[in-house]
Amino acid sequence: MVVFIVMKPMKLSTRHLPHAPLHPRRRTPRIALLALGTVLVTGACGQAAPAGSASTPAAGGGATPSAATSAPATGGTTGGSGPSKQTVTAGGVRLEAAMAPAGAGIAASSGLVVDYTLTNTGWKPLVAYDAVPDDLGSATLATHVDPQHAWVYAQSGVLRLSKQGFATAPNVRFAAAPVMGGHTIAPGATIAGRAYAAVPPRLDVPGESFVAPRSLVDPAVKQWQLCIQVDDRAMQARPSAVGGGVVEAASMAPRGDQLVCTEPAAIPVS
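If you're matching positions, the sequence shown starts at 1 in the numbering used here and goes up one per residue.
FYI, nobody ran anything at the bench for these hints, they're computed from the structure. Take these hints with a grain of salt, some might be off.
With beta-carbon atoms standing in for the labels, derived distance ranges [stated by the list, open to error]:
| hint | residue 1 | residue 2 | range |
| --- | --- | --- | --- |
| 1 | HIS144 | SER110 | 33 to 39 Å |
| 2 | ALA234 | ALA192 | 15 to 21 Å |
| 3 | GLY188 | GLY256 | 21 to 27 Å |
All C-beta atoms in this analysis are idealised placements derived from N, C-alpha and C, irrespective of residue type, glycine included.
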């Protein structure tokens, strides 16, 4: 006898399967609504800057200026008995200077004196070479270095009082590198100093071992400017025996924007 097994189809029950609506209702989560409200409230709190206003970054912040700009103070470029004031910002520093006639009490003879401040507007320490020796060439600074000494020469018809280094002349070799003195300026810090020039003005530059201007200064020169060499060799500078925070570094001619100069201004008369 042969038995045939008949297979019957089973009816699948959907009673226990999850049901999903064909058109689900979309809800915005309560948390998302709260967050959106917070954003709207916060955005409404900002105050619009008034027309013509400008933000001022904190000292030591922001990009270093790449181009020099001058803004003479009141009466800055005119002659007379008052000081001639200049302000310039370049190479990460701000130089402010004022020239005035000086009596014999400042130096051996009457002359012109520039009082200045130098501010580090950048983010790294700088060295300002504001303690230049009377005779460049020694491997150490003399302990009696004159803090107001500056090199004096003419540049494009302008009397320049400059605190800087100079390149060694061709075919000249020193047993030890000559040094110049200066001060380290921390970011945001300011130093003050003075520069002097005799009257009538005369050429005062290093000797023939260095590349320096050699043309005589016209005694009737009408304009002046102050220049100070500044660079980032703070890690290469060493404390000097002069004391007072003076450091020494090998003399180098300034490159690029390392020589910060005020704009030419009228020499004040007594």
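Hints, verified against the model:
Here the CB-CB span from HIS144 to SER110 is close to 22 Å, at odds with the stated 33 to 39 Å. Restraint check, ALA234 to ALA192: a C-beta distance of roughly 19 Å satisfies the suggested window 15 to 21 Å. The beta-carbon spacing between GLY188 and GLY256, approximately 23 Å, falls within the hinted interval of 21 to 27 Å.
This entry does not satisfy hint 1, going by the numbered hints stated previously; all others are met.
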